[in-house]
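Could you build all of it, start to finish, from the sequences and the hints given here?
Here is what each chain is made of, one letter per residue.
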Amino acid sequence: MTRQRLTWLVLVVLFAGLLAWRGFTGHGLGRVYVERGEVSLARERAPADAPAASVPRWRSVPVEQAEVRWTTWSKVPPKAHFEAEARDPGQDRVVLSWPRTIGLWVAAFLTLAIFSFLYADNPAYRFTEAVVVGVSAAYWMVVGFWDVVVPKLLATLMPETVQAMVQPTLKIPQFSPWWPETWDTASDAFDPWLQQWGAMALALLLGLMLMWRLLPRGGWIAGWPLAFIVGVTAGRRMVTQVESDLMEQAASTMQSVVPTAQGLSAWDWAWAALPGVLVLVGVVCCLCYFLFSVQHRGVVGGAARVGVWYLMITFGAAFGFTVMGRIALLADRVEFLFDDWLWIIDPNHLRG
Amino acid sequence: MIARRVVPMAIAIVAGLVMAVSYFVRSIEWMGEAAADVFNVIAAIAFVLGAGSLLKANLSAISRRDRGWGYAAVTLAAFLITLVVGMAKIGVNPSPDAPQAAWSGSQQTAGTPFGWIYEFILSPLTATMFALLAFYVASAAFRAFRAKNTAAVLLLVTAFVVLLGRTYAGVVLTDWMPAWASGLRLENLSSYVMAVFGTAGNRAIMIGIALGVAATGLRILLGLDRSWLGGGGSA
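Top line first, the protein sequences correspond to chains D and X.
Each residue of the first sequence is one higher than the one before, starting from 1 at the first, in the numbering used here.
Each residue of the second sequence is one higher than the one before, starting from 1001 at the first, in the numbering used here.
Honestly, the hints are just simulated from the structure, not real lab data.
Since the structure is predicted, the reported quantities are computational estimates derived from the model, not experimental observations.
The C-beta atom is built at its ideal place from N, Cα and C for all residues, glycine as well.
Some hints here could point you the wrong way.
Distance windows between CB atoms, simulated [unchecked claim]:
1. Gly219/D - Ile1062/X: 19 to 25 Å
2. Gly1230/X - Gln295/D: 33 to 39 Å
3. Trp179/D - Met1129/X: 51 to 57 Å
4. Gly1050/X - Pro192/D: 29 to 35 Å
5. Glu1033/X - Arg305/D: 44 to 50 Å
6. Pro177/D - Ile1062/X: 30 to 36 Å
7. Phe292/D - Val1021/X: 29 to 35 Å
So these bits of chain D aren't anywhere near chain X, every CB distance computed over 12 Å [said to hold, decoys possible]:
8. Ala16
9. Pro78
10. Thr111
Have a look at this one:
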């Protein structure tokens, strides 16, 4: 047996021992409890003067009056289950959730699989990596579909379907792109509808052209939507970044030099102005360092040198900040393992 | 030539000019908004392109029985399961405001299969991946950071001050300082460094980036920069 395999074996045995010990002491380990709730709804009676096609409004009603009802399960701390059992043994209101408990264990094992990479690359890590890649690609695709494609593209091009299946409050336009006789050009609603419909038809066309890249021939067709993306990004960024990152930052830098507080003594005023002055000096010196069309000699060279010092302090602060952020995430994951899963610690008193 | 270079360039120029001009001219503001909507929809559809590439790459790895093809199969399985569960909104109750519409509920609601995937797979694993970086950043810094000159010393000292100032250790270490020197306590020093020197450096970087973006955008809109078309080509 190689040294690496021996190390893995020792780690697995130790961990299995820890799990067994936790499983048979105290409250045990790693379970998720849920509380049952009911959603029971009935249509509100429509006022007599309401149009026949208006969308019905729904309100919560007692279960026996419900037209539609379903059960919900909300996560509760284990303490809620222990207390409910103490009051009413065998109750079925606050119960163990098997899907969420299995999820907790899956999350714990996958978390450990990722941490195992710290020792060496291994099949458990590669398996988890493959899962993350597959899940995240599909996740963002689903989110893009339901959050952008449906409410923008499909709601414009297929409003009846979206209204029936997804969004009953969606207003169906009185115009149809296929029937010009429905086009009431005098209506206030016509221009916005036409603009929106045209934009979404263009989006669909460009989206389909983008898909062409997956086909073996005619990949250049995907260049047209790409050109649209490049152009829109260039035009939008050119204006917004000049406004927010150039003008506003420059204005803030200059405005912060003069303290706004009233009635300060000369000493206090100078002390209050110091941070603003340091920021102004720093920004000017850093910009001198970024100025490559002038040789860094004399005054410009001195300013550029001070600019480098400022930038080094900025990078040091950014480094410290990033490391602290990662360590906070690490602490969160360790807390998940020891609190949510192993039930060794209980900082939020969720179990008693 | 025309379809591959001239038309794309014309599309980029027109789209960019519409976006830029609509910012200033109120009567064509709607054009900018419509172009932004089209952009968002294309970006969402582009995820399908990404998914297609993922499928293509993994399926060919499986069919060729490449080294580690089993992991490609795992990726595909994870992808397809998440996709089906999310697209079909499996196990999602309708919204209480619109129970007559079967798909009116949010697929991200806790307790649904898609919510389960997010809560117990995607969220913990991405957080753990980022947490893992703490070790590698610290290890790389330990090997790379050397106090060879003034600039390096400033970087190192600032990193230590910020790291310590944001932990309880920093508070304990400089707790003994009298009130009149409280600005030198590590937690206060860390905040001051971030608020003054960090702000100055970050502002200069942002101003530099804004100028660079504006210049690049202008070059694209004027047709001077054609490198994005591929095959080189800048006027």
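- Hint by hint, which ones does this structure get wrong, listed from lowest number up? Those not satisfied are hints 6, 10.
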